[in-house]
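Chemist: If you want the building blocks of each chain, they are given just below.
Number of protein chains: 2
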Amino acid sequence: MTTQQLLEQIKLKKSFLCVGLDVDLNKIPQHLLALEDPIFEFNKAIIDATHDLCVSYKPNIAFFEAYGIKGWVALQKTINYINENYPDIFTIADAKRGDIGNTSSMYAKAFFEDLNFDSVTVAPYMGKDSVEPFLAFENKHTIMLALTSNEGAFDFQTLNVGGNELYKQVLETSKSWKNSENLMYVVGATKAEYFTAIRQIVPDSFLLVPGVGAQGGSLSEVCKYGMNDKIGLLINSSRGIIYASKEADFAEKAREEALKMQQEMQTIMADKF
Amino acid sequence: MTTQQLLEQIKLKKSFLCVGLDVDLNKIPQHLLALEDPIFEFNKAIIDATHDLCVSYKPNIAFFEAYGIKGWVALQKTINYINENYPDIFTIADAKRGDIGNTSSMYAKAFFEDLNFDSVTVAPYMGKDSVEPFLAFENKHTIMLALTSNEGAFDFQTLNVGGNELYKQVLETSKSWKNSENLMYVVGATKAEYFTAIRQIVPDSFLLVPGVGAQGGSLSEVCKYGMNDKIGLLINSSRGIIYASKEADFAEKAREEALKMQQEMQTIMADKF
Chain A
1 MTTQQLLEQI KLKKSFLCVG LDVDLNKIPQ HLLALEDPIF EFNKAIIDAT
51 HDLCVSYKPN IAFFEAYGIK GWVALQKTIN YINENYPDIF TIADAKRGDI
101 GNTSSMYAKA FFEDLNFDSV TVAPYMGKDS VEPFLAFENK HTIMLALTSN
151 EGAFDFQTLN VGGNELYKQV LETSKSWKNS ENLMYVVGAT KAEYFTAIRQ
201 IVPDSFLLVP GVGAQGGSLS EVCKYGMNDK IGLLINSSRG IIYASKEADF
251 AEKAREEALK MQQEMQTIMA DKF
Chain B
1 MTTQQLLEQI KLKKSFLCVG LDVDLNKIPQ HLLALEDPIF EFNKAIIDAT
51 HDLCVSYKPN IAFFEAYGIK GWVALQKTIN YINENYPDIF TIADAKRGDI
101 GNTSSMYAKA FFEDLNFDSV TVAPYMGKDS VEPFLAFENK HTIMLALTSN
151 EGAFDFQTLN VGGNELYKQV LETSKSWKNS ENLMYVVGAT KAEYFTAIRQ
201 IVPDSFLLVP GVGAQGGSLS EVCKYGMNDK IGLLINSSRG IIYASKEADF
251 AEKAREEALK MQQEMQTIMA DKF
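If you read the protein sequences in the order shown, they are chains A and B.
For the first sequence, UniProt numbering assigns the number 1 to the initial residue and increments by one for each residue that follows.
For the second sequence, UniProt numbering assigns the number 1 to the initial residue and increments by one for each residue that follows.
A few of these clues could be false.
Any copy, or any two copies together, can satisfy a pair, since identical chains are not distinguished.
[As the list claims (entries may be wrong)] In silico SDA-like cross-links for lysine to any residue, where the CA-CA straight-line distance does not exceed 25 Å:
#1 LYS27 to GLU84
#2 LYS224 to PHE154
#3 LYS27 to ALA136
#4 LYS70 to ASP114
The set of hints was computed from the structure by calculation and includes no laboratory data.
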């Protein structure tokens, strides 16, 4: 999917919501556990109930890997289900990968070719040649960690490197990499006041924003400081939507929560455009 | 496996060699491709031919994920084969994971519980709460990236943060994390002169050292600057060993290459102890 196609979907749906699929078997309705593939069945129900309210799904790869081969099967079924039934959805493999060049190439192959995701999240620590193999894929997007939503973000990301904080240096440096137009960035919603400075470095890039809801970030604050004239934001919500209910009505309740966020987004877009 | 048990194996085998299993179907002997699980068959042959010369195997998870479900099956069979047949081997899942706490917990579960690896490699960018979930597992080890062997290591890892290079700050900070005694670190062999400073910060920790061989690092140089009085090094070689031959004699040739390294290590250990 191209960035332009993503933007068209956002305008069409009046939503820049991404639903995170972090499926923990301990948190899903217990009646699903009797089915052959509870993870996939849960995802399918959530997707069917919310696909018109969001523009993106973000399976969190850890939550599949934790279940071994069964988890990987559920991941493959989930991404295939989205691609076959809702091809206009922007899919994100939340994997935080990154390694030396030949290894990053294999991860890129795994997520872009074998699983056919539109994008994958990567970590910047190993630098240019650990990220460029992902960037080489046309019409695929590489979403690099810049400033994350967790407490540990302050351990290294905000350290001062020559007058700049590390995450700003990461943003700045990455702009010089080959095919950097395929980059997007992870910026946590819990740090809304940082968006102004980030937008000075990457005014046009899409930012994937976790941390709204369960982690405490405010949607309106993020939009105030982070939105650009082409929206430029994908706001992720995982637990707040998918675990809205643990009962038989879980998909319906997930839709209610997604609808609330979509409506808030629609209002913000109407005010701004 | 405890650190003490690993040290005993090193003394017994007179080797601190780790063999990296980066299995690319384009690089293995073509006759294996006719078998049902060529990746596992290749690994099994390499393991059977080298297990007495090395103390560790390091499956590179990307090379399994790139083959989807089949790859994950091959990974599971490979780790099970090692654990069942060579339980004294220290196993490393080379995965470079790291995410917010609840997600890192799921990765830890994947590699420590579901697959039963002794250790996993992680990236430090997201800080303390992205690594501590791995450290919480008793007798399991978390091998964190410090200074890597690739060109991109100089993009961020060596930036000056308040008088210290970032990788040194990463080492220093990590020592205060809960269960930090379960930490080991990745330090690339291509930067042997850096080991002196690293040993001042983490004198006792094991260092996993990639980059000897194919990437150009020198074993004797690394040992000169990086070895401590309990060895403290695991030297990885992947391509130099497993792709020593692309013919029917691949396992035999792999053994020859592993033997060369083991003998060099034996000489170094005899000189030093």
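Chemist: Each hint: holds or not?
Modeler: Going down the list of hints, with the structure as the test:
1. LYS27 to GLU84: neither (27 Å within a copy, 33 Å between copies)
2. LYS224 to PHE154: Within. Shortest intra-copy distance 23 Å satisfies the 25 Å Cα cut-off; inter-copy 35 Å does not.
3. LYS27 to ALA136: Classified as between; 22 Å across copies, 38 Å inside a copy.
4. LYS70 to ASP114: This pair counts as both: shortest intra-copy Cα distance 17 Å, inter-copy 11 Å.
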